[in-house]
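Peer 1: Given next are the chains, with one letter for each unit.
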Amino acid sequence: MTISVADLIAAIPPDDDEEVREPLPALAHDPELQRVFAAISRRPVPVGALRRLWSLGGLQAQLAVAYGAYWVKGWFQNADARQRSLLETHVRAAVRLLSTMTYLRGTIMKIGQFLANVPDVVPDQIAEMLSRLYYQAPPMHYALLREHVHSELGADPEELFGEFDPTAFAAASLGQVHRARLKTGEEVAVKVQYPGIAQTICSDFRTLHALVLPLRLSKNWDNFKDQTADIRAVLERETDYEQEAENQRRARSLFTESDGIVVPRVFDRYCTKRVLTTEFIEGVHPPQWMKTNPPQELRDHFGALSYRAIWRMFFSGRSNYVDPHPGNFLILDDGRLAMIDFGCMRPYNDDEWDFCRQYRWTLLGREGYPVERLVRRGCMFKPDEAVDADQMRVIMEYNLWCWEPYLHDRVFDFGNGGFLRRGLDLLSEASKKRYTRGMPMVPLVSRQYFQTYSLMYLLRARFNVKRIGDEEARATGWDEMESS
Amino acid sequence: MRITAAEKTATLQRIRSAGRKLFSSRGFEATTTRDVAKAAGIAAGTLFNYFPTKESLAAGLVLDALAAAKAEWESKRREGEPLAETLFAYVAIGLRYLRPHRKYVRPVIDTAAMPIADDANGGRTSLAAQLVAPIDDVLSGAAGDVPPLAPQLFSTLHLGLLSAWAADTSPRQEQTLALVDHATRMFADWFCSQCERITMPADASQPLQNGS
Ligand SMILES: Nc1ncnc2c1ncn2[C@@H]1O[C@H](COP(=O)(O)OP(=O)(O)O)[C@@H](O)[C@H]1O
Ligand SMILES: [Mg+2]
Chain Y
1 MTISVADLIA AIPPDDDEEV REPLPALAHD PELQRVFAAI SRRPVPVGAL RRLWSLGGLQ
61 AQLAVAYGAY WVKGWFQNAD ARQRSLLETH VRAAVRLLST MTYLRGTIMK IGQFLANVPD
121 VVPDQIAEML SRLYYQAPPM HYALLREHVH SELGADPEEL FGEFDPTAFA AASLGQVHRA
181 RLKTGEEVAV KVQYPGIAQT ICSDFRTLHA LVLPLRLSKN WDNFKDQTAD IRAVLERETD
241 YEQEAENQRR ARSLFTESDG IVVPRVFDRY CTKRVLTTEF IEGVHPPQWM KTNPPQELRD
301 HFGALSYRAI WRMFFSGRSN YVDPHPGNFL ILDDGRLAMI DFGCMRPYND DEWDFCRQYR
361 WTLLGREGYP VERLVRRGCM FKPDEAVDAD QMRVIMEYNL WCWEPYLHDR VFDFGNGGFL
421 RRGLDLLSEA SKKRYTRGMP MVPLVSRQYF QTYSLMYLLR ARFNVKRIGD EEARATGWDE
481 MESS
Chain Z
1001 MRITAAEKTA TLQRIRSAGR KLFSSRGFEA TTTRDVAKAA GIAAGTLFNY FPTKESLAAG
1061 LVLDALAAAK AEWESKRREG EPLAETLFAY VAIGLRYLRP HRKYVRPVID TAAMPIADDA
1121 NGGRTSLAAQ LVAPIDDVLS GAAGDVPPLA PQLFSTLHLG LLSAWAADTS PRQEQTLALV
1181 DHATRMFADW FCSQCERITM PADASQPLQN GS
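Chains as they are written, first to last, in the numbering used here: chain Y, 1 to 484; chain Z, 1001 to 1212.
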């Protein structure tokens, strides 16, 4: 049997039960998964203040493991008995390891965020729960925060800042965010990372990687290695707030006043690898804003703005804004939109950038750019390797889906949930058939498309995608270039 | 010849600063009492009137740092602060003050239970005793019945944390901060579960509110 994403989601308990330790019911008949979940539930339940955090982590861990198992099962069919038992051992070890990795919640939450934005397959209540989970990072009390800030910046928060609110106003995936006022008067948001979390995440990833790598489960194994290494690199970079500050400064330079898009200013004097201080933006996140029943024109306006912001990062910034989920956008009263989180950026190298140009030209139907050549390059086929016709079809359909809103010079209606679902179906068809070989950037780019379109769906926005895309693409100079 | 109290204090100061410099630059192991005496400009025999061993000199430096830390911790305590936070601050502010002495905290911990000459009033104290006293106050101040041995248990935990900190290779010893956070929460949870009659203030670890 195979497990669909819908099964997984349906299996999530309906309310945030403190102790979710039963195997997920929909999967309970699968012996492989039963063992996996049995391993999770043998984990001792910790007591007291950490209990809530741990059990939340447990729920998310189950989701992530269910995904992992689903993914791994794809290769399973090809394996012989010896390989299969090796696989089981490793999966079990990985699960045991995962259950000790409370800090991975940052990554695990990202899965939750993604699911929270997928329409229809997620009942409202569950979507709600998942987006709430995102905001429940383990708290630092003020004494910890003060000590951590002191060792990072050399003084207590109340000495460094004119004013510092000891209570966090928002949770971040790796820490929490406090409001403060600089001595020079600026209102700021101070994001503080839980101490030691970056190092722990990085070493956990390395361990997990080391555990899975010797498996060689498919003929695409080396490619899988490259893709996961790419994801790992981006996630590791995300733990470094100095890198984030640098990304944010760069992003800020790409926008002007007239764009109506705000990237908060970074205050370097108050930034380290673990502390990020930026201009405070007064605004609401798209999901809360939607609760106010905004009229269609406004939803179109903010949909178009966020689309433009994401593509500005791509075409002018030559990097991928990997994480365009609603928590990273703020809607301002005056009609502007703020983009606030630059932890997850993936720059393109020259070869990839050249591929992006070819990709654009092919999809826009430029002469001399046949689809097959694009697919061969994107899927990293060797020059003499035959490409399966079905693989060609699935890959092409998926890519056409990614660009569907862009292909016609007319208003595209993102309010139709069927569009997103079609993308999901294509993606799951590709992964079931193991058409997963591709350039290392592929999984992250894919994630960006899904998150972008989920955001547009959330806003039920309608706008002319092509017009904005073409305007933004001008920065590359591609469209004026001679074909080569 | 009688030495005045002022002279005594001045000599003590010189020994201390010589010890601090040598222990930090050269390392505790490589420094001899003779080196310290020389750097302080006194005879080796005179040094023994003040500190009978190298360990006791290191311990004296550590105890002084901890005394200063305790004063700061007391000034920073807030009304209604949860127990875990009080305990955390106690350990962490201590670490802040011990930072210049990190290289020779280990040998001091090894002799934690041994009495050390306390120069201020000539009395004797030990690292373990000095660490536990304020916590004793905090815990018994929590009202009701304090579980037996709770202060001793905490001081054992505290010594363990100091020892982990001395060996911590992470940047700015940030792993220790996380460890102290976990350890103090765990201890506070255990402590509160032990004394039913005690009503502790609400725990600080409530889920954070959504930003908007
Ligand atoms: N400059 C800011 N102005 C206003 N709110 C902010 C700002 N920075 C962060 N926040 C709030 O904190 C939350 C988490 O910050 P974010 O940078 O997205 O953290 P993470 O990288 O963990 O996702 C945001 O969703 C937002 O609600
Ligand atoms: Mg964010």
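Honestly, the hints are just simulated from the structure, not real lab data.
All of these numbers come straight from a predicted model, not from anything done at the bench.
Do not rely on the hints blindly, as some may be mistaken.
[To be verified] So the derived label-pair ranges between C-beta atoms look like this:
1. Z:R1099 with Y:R422: 35 to 45 Å
2. Y:R250 with Z:D1064: 24 to 34 Å
3. Y:A155 with Z:S1025: 49 to 59 Å
[As the list claims (entries may be wrong)] So the derived list for chain Y, only partly shown, Cβ under 10 Å to chain Z, looks like this:
4. M140
5. R146
6. G196
7. A198
8. R393
9. V394
[To be verified] Partial pick of chain Y residues on the chain Z-facing surface, computed with a CB cut under 10 Å:
10. Y142
11. L144
12. E147
13. Y194
14. P195
15. I197
16. T200
17. D222
18. K273
19. P443
20. S446
Even for Gly, the Cβ is constructed at its ideal location relative to N, Cα and C.
Peer 1: With reference to the structure, classify each hint as holding or not holding.
Peer 2: Status of each hint after checking the structure:
no. : hint                            : verdict
1   : Z:R1099 with Y:R422: 35 to 45 Å : violated, 59 Å
2   : Y:R250 with Z:D1064: 24 to 34 Å : violated, 48 Å
3   : Y:A155 with Z:S1025: 49 to 59 Å : violated, 26 Å
4   : M140                            : holds, 7 Å
5   : R146                            : holds, 8 Å
6   : G196                            : holds, 4 Å
7   : A198                            : holds, 9 Å
8   : R393                            : violated, 44 Å
9   : V394                            : violated, 40 Å
10  : Y142                            : holds, 7 Å
11  : L144                            : holds, 5 Å
12  : E147                            : holds, 4 Å
13  : Y194                            : holds, 7 Å
14  : P195                            : holds, 4 Å
15  : I197                            : holds, 7 Å
16  : T200                            : holds, 8 Å
17  : D222                            : violated, 33 Å
18  : K273                            : holds, 8 Å
19  : P443                            : violated, 29 Å
20  : S446                            : violated, 28 Å
Comparing the model with each earlier hint shows violations of hints 1, 2, 3, 8, 9, 17, 19 and 20; every other hint is respected.
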